[in-house]
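All chains should be modelled from the sequences, with the hints used to inform the complete structure.
From first to last, the protein sequence lines stand for chains V and R.
One point on numbering: in our numbering, the residue at position 51 of the first sequence is 51, and numbering is uninterrupted.
One point on numbering: in our numbering, the residue at position 286 of the second sequence is 286, and numbering is uninterrupted.
Calculated from the structure, these hints are not laboratory results.
Keep in mind that a hint or two might mislead.
[Said to hold, decoys possible] Examples of chain R residues lying across from chain V (beta carbon under 10 Å, computed):
1. ASN5
2. ARG6
3. SER10
4. SER51
5. SER85
6. LEU86
7. TRP87
8. PRO105
9. SER109
10. ALA110
11. GLN189
12. ASP219
Beta carbons are placed, not taken as given, at the ideal position from N, Cα and C, and that holds for glycine.
Each chain, written out:
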Amino acid sequence: MAKKKAKNKTHIKRKERIKPKKVIPNAPKEETKRELKISAIEEGTVIDHIPTDAAFKIVEILDLENQKGIVSIATNLQSKSIGKKGIIKVGGKSLTQDEVNKIAIVAPDATVNIIKNYYVKEKIKVKTPEIIDNVVKCSNPVCITNNEQVPTKFYVAKKDPLKIKCHYCERSMGKDDIEII
Amino acid sequence: MDLKNRDIISINDFSKEELLHILKVVKQVESNPKNNLLKGKILAALFFEPSTRTRLSFISSMEQLSGTIIGFSTANVTSIQKGESLWDTIKMTGQYADVIVIRHPLEGSARLAAEAASIPVINGGDGSNQHPTQTMLDLYTIQKTKGRLENLHIGFVGDLKYGRTVHSLVIALANFNPTFYFIAPDDLQMPESYLDELFQKKVKYHKTSDLTRFSKELDVLYVTRIQKERFPDPLEYEKFKGIYRIDGAFLQHVKKDLKIMHPLPRIDEIDKSIDNTEHAAYFGQAANGIPVRKALLALVLGKIK
Chain V
1 MAKKKAKNKT
11 HIKRKERIKP
21 KKVIPNAPKE
31 ETKRELKISA
41 IEEGTVIDHI
51 PTDAAFKIVE
61 ILDLENQKGI
71 VSIATNLQSK
81 SIGKKGIIKV
91 GGKSLTQDEV
101 NKIAIVAPDA
111 TVNIIKNYYV
121 KEKIKVKTPE
131 IIDNVVKCSN
141 PVCITNNEQV
151 PTKFYVAKKD
161 PLKIKCHYCE
171 RSMGKDDIEI
181 I
Chain R
1 MDLKNRDIIS
11 INDFSKEELL
21 HILKVVKQVE
31 SNPKNNLLKG
41 KILAALFFEP
51 STRTRLSFIS
61 SMEQLSGTII
71 GFSTANVTSI
81 QKGESLWDTI
91 KMTGQYADVI
101 VIRHPLEGSA
111 RLAAEAASIP
121 VINGGDGSNQ
131 HPTQTMLDLY
141 TIQKTKGRLE
151 NLHIGFVGDL
161 KYGRTVHSLV
171 IALANFNPTF
181 YFIAPDDLQM
191 PESYLDELFQ
201 KKVKYHKTSD
211 LTRFSKELDV
221 LYVTRIQKER
231 FPDPLEYEKF
241 KGIYRIDGAF
251 LQHVKKDLKI
261 MHPLPRIDEI
271 DKSIDNTEHA
281 AYFGQAANGI
291 PVRKALLALV
301 LGKIK
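This is how it looks when you write it as structure tokens:
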């Protein structure tokens, strides 16, 4: 009897071990790799090819901390194209084009996939917006936005290399001066 | 062209056509002053930092047009001292007046004020950013003394790095096919961002530290003060103070009809002996503050179109 029970246990263990991994056709490449860093999502948005130091800035910009669904963030992943990259998966939320454009400041080459039922339903290209509302801090210490509670606003004067101009103090800032609020 | 309810915040907000229209109205106001034009209108003059010419010329302009003035000339007497925000101060003032003039040490404050107020706001200087009414009176002075704005050779000498009057005037004049001569030591030269803008607009310019190098070319020379308050290190200021001096000897190397301008106050950049020559345009320039500000008040209040 005791021998039989032990046999059953072994049988169950073996069954778990050989359970086939769910392969999702048409899913982003990372999903089908054996070394999965963060799990696939059924519904939501995958932001990939983020410069690794920008991942947490994107969390701030898109206010993902207050997101109700599961948000997975990975940084320092290997990437052939950009060396090290970050990836963010936002469960249960499809980002809009306007929201995607907000991340152009820190991740202009990111790829954004909208996922429905594990499939890529739509790919959104990041476009640098004409106006950047309340994302960037003005680098001018005597700008009114650094001294009074005012949402910042910048006009994009040049897209590559990025140059933006403060709506209030009219000071121009290059990419290196940009600090996220 | 209707500028009723228009805010006057930055020279960058105005097209060439609008600038020319304003200058036309200034001329009209100067030659035919209608003294009751702003009767019953109230100007709130909110000066959060000291000013002599701008504040007095706005007050004088409003009084000459029979308007009324409320306001203050130092932030110490306001609720700002109690911690009230600029937004709230302006929102409240907007209920008491028909037009606001604001001078404030923080850059962008006038733009914020315009967003807070439901009445027109005129920027009387926001830190080292913009002072559009000064630019308009500078343009008017050039047009009046030279008879035109197009195709002039204009020199700027002194502190070109921090001088907001120079920055704004350069941008406004870029509409009129000028040739610029920027005369300053390397440390006080025009900021690269302005030179980039001129390059994009295909405006011709020369840079030099030698006052006499291009003096024979000039139609107008705009002189600025080396501003002591801009230097964190007093020794740096000592290094630059008095490096350029417009005097009788300099006049030997200029065109007969060169006009010399200065936004004032001057320290020792222009010798007093120049004051009585045909070249001196700076006191006339200060006087032009009156018709320019009268015209702007009348335009934004919809009394002149």
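Hints and how they fare:
With a cut of 10 Å, the hint placing R:ASN5 at the interface with chain V is violated, because the nearest CB-to-CB distance is about 20 Å. A least Cβ separation of about 17 Å between R:ARG6 and chain V goes past the 10 Å threshold, and the interface hint is therefore violated. At a threshold of 10 Å, the smallest CB-CB gap from R:SER10 to chain V is about 6 Å, leaving the interface hint in force. Checking R:SER51 against chain V by beta carbon gives a least distance of about 17 Å; that is not within 10 Å, so the hint is violated.
Restraint check, R:SER85 versus chain V: the minimum CB separation of about 6 Å is within 10 Å; hint holds. Interface hint status for R:LEU86: upheld, as the beta-carbon distance to the closest one in chain V is roughly 6 Å, under 10 Å. Because the smallest distance between the Cβ of R:TRP87 and any Cβ of chain V comes to about 7 Å, under 10 Å, the interface hint for this residue holds. Here the hint on R:PRO105 is kept, as its CB sits about 7 Å from the closest CB of chain V, short of 10 Å.
The interface hint given for R:SER109 is met, as the beta carbon of that residue sits about 5 Å from the closest beta carbon of chain V, less than 10 Å. At its closest, the beta carbon of R:ALA110 sits 9 Å from a beta carbon of chain V; the interface hint therefore holds under the 10 Å criterion. Evaluation of the R:GLN189 hint against chain V yields a violated restraint, the C-beta minimum of about 17 Å exceeding 10 Å. Hint status for R:ASP219 relative to chain V: violated, with the closest Cβ pair at about 28 Å, above 10 Å.
Violated hints, in rising order: 1, 2, 4, 11, 12; the structure is consistent with all others.
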